[in-house]
Amino acid sequence: MMKKSSIFAAGLLSLAVVGTSIAQDSENPAVKARTSIMQLYAFNLGTLGAMAKGEAEYDAEAATRAANNIVVVSQIDQSAMWPAGSDNVSDPSTRALPAIWENFADVGAKGQALADAAVAMQAAAGQDVEALKGAMGQLGGACSACHKAYRAPEN
Amino acid sequence: MRRILLFAVLVMLMVGLAGLLLTRPQRVDPARLAGLTPDVTRGASVFYSAGCASCHSAPDASEEGKLILAGGRRFETDFGTFVAPNISSDPDAGIGSWSALDLANALKHGKGPRGQHYYPAFPYTSYAKMTVEDVAALHAFLNTLPASDAANIPHDIGFPFNIRRGLGLWKLLFSGSGWVVEGDLTDQQIRGRYLVEALGHCAECHTPRNGLGGLKRGLWLTGAPNPNGKGRIPGLTTAQLDWSEADIAEYLISGFTPDYDSAGGEMVEVIENTSKLSDEDRLAIAAYLKSVPVQ
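Protein chains in written order, with my numbering: chain A, 1 to 155; chain B, 1 to 295.
I should point out that these hints are in silico values taken from the structure, not numbers from a laboratory.
Quick reminder that beta carbons are idealized off the backbone N, C-alpha and C, glycines included.
Be a bit skeptical, because a hint or two may be false.
Claimed, not checked - Residues from chain B that keep clear of chain A, each with C-beta distances beyond 10 Å, as calculated: (1) P25; (2) F256; (3) S275.
Unchecked claim - Here are the in silico distance ranges between beta carbons for each label pair: (4) A/G108 with B/A31: 56 to 62 Å; (5) A/G134 with B/D78: 29 to 35 Å; (6) A/F104 with B/S62: 43 to 49 Å.
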């Protein structure tokens with residue numbers, strides 16, 4: 001009898017675990033789209049970052065291609081990707097804070113700062129590794145500025 | 001009977017006196033600062049390494065506004081709410097009238113010019129290891145920053161923590177002396193240790209505290225609950241942080257993690273400071289972190 005109830009409890013627990021893992025991926029295509037944008041940034045930043053850290057040899061052409069991509073991604077019109085109800089209170093799979101919807105003007109300004117930093121990287125990436133390293137700081141600062149204000153911490 | 005009573009009174013007086021002496025604020029020997037020629041450029045580097053602006057600039061200060069050390073940020077803790085004071089160069093509202101010695105006593109012993117104890121929300125247990133040369137340099141640099149006439153807002157602390165004299169006892173218990181990471185360190189790791197354990201006061205957030213708010217030095221940099229209640233501040237020991245030294249240095253300049261996610265939370269303001277350090281200093285921090293033993 002004891003055994004049965006503990007098996008039942010284990011079953012419940014695993015259901016709960018499965019439940020949480022399902023909640024990791026949003027059902028909301030808008031959330032999926034903006035997550036994809038972040039992945040595009042991360043992939044291209046990886047090329048630049050490896051050179052900045054000295055893990056990969058500096059390659060002006062590859063760096064320029066990655067920087068061009070970041071500029072293109074920063075120009076995607078995201079206005080349809082942030083519908084009402086896609087904050088972390090309504091949808092636990094996202095870390096987007098409700099404050100975004102209360103401060104659209106500021107979010108826009110921070111987005112513009114990122115676009116500017118991307119253009120600065122585009123100019124720097126092909127020059128030399130020192131210029132690239134300098135532009136990484138501005139680009140990272142632009143990412144962090146928005147994440148600090150509008151993204152919930154990881155648990 | 002009367003003799004026993006008299007003896008008891010004497011003992012109590014002596015214990016009381018010893019208590020007063022022990023809880024009296026310590027001070028820096030003025031001779032240690034005499035004859036120093038402060039280096040303002042070095043002072044700027046100390047300023048960013050020590051992260052002064054992250055607490056003492058006005059709440060929500062812009063990037064340029066970070067150099068106006070008007071105070072006013074609130075820090076909610078288990079002991080009450082602390083409000084960062086004005087440490088701008090204003091002689092009345094700020095600390096513009098302070099000597100380098102006053103600043104040394106504040107940073108190294110948590111002691112104000114009138115002899116009062118400061119609360120350890122001001123991380124003087126870390127700054128205690130700051131060299132007097134760096135204090136003098138920082139003093140010179142602070143004097144070049146703008147003045148603000150913003151009045152200080154009193155802390156909101158309940159009994160018994162509102163009795164400042166009690167902080168003398170706290171300091172006796174928790175002003176850990178000596179470096180935490182010792183042993184055979186390279187010059188680069190020694191520089192990193194100074195940046196992490198003294199100036200950067202990284203342990204103030206990355207090390208857990210006991211019930212009285214003292215750092216658990218035996219759990220150095222193993223991570224801690226976030227004081228604002230959300231999430232957890234990560235551990236940085238070699239067992240917990242598997243980033244390469246280049247990864248750590250890159251994070252400290254751009255905020256990018258090895259996965260090219262970016263920093264969030266309080267660390268964003270820390271990186272605003274560390275991004276202004278030299279490459280050598282960022283790599284020194286990384287080298288030190290790689291020497292923090294597995295707990």
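Legend entry - Violations among the numbered hints: 2, 3, 5 and 6
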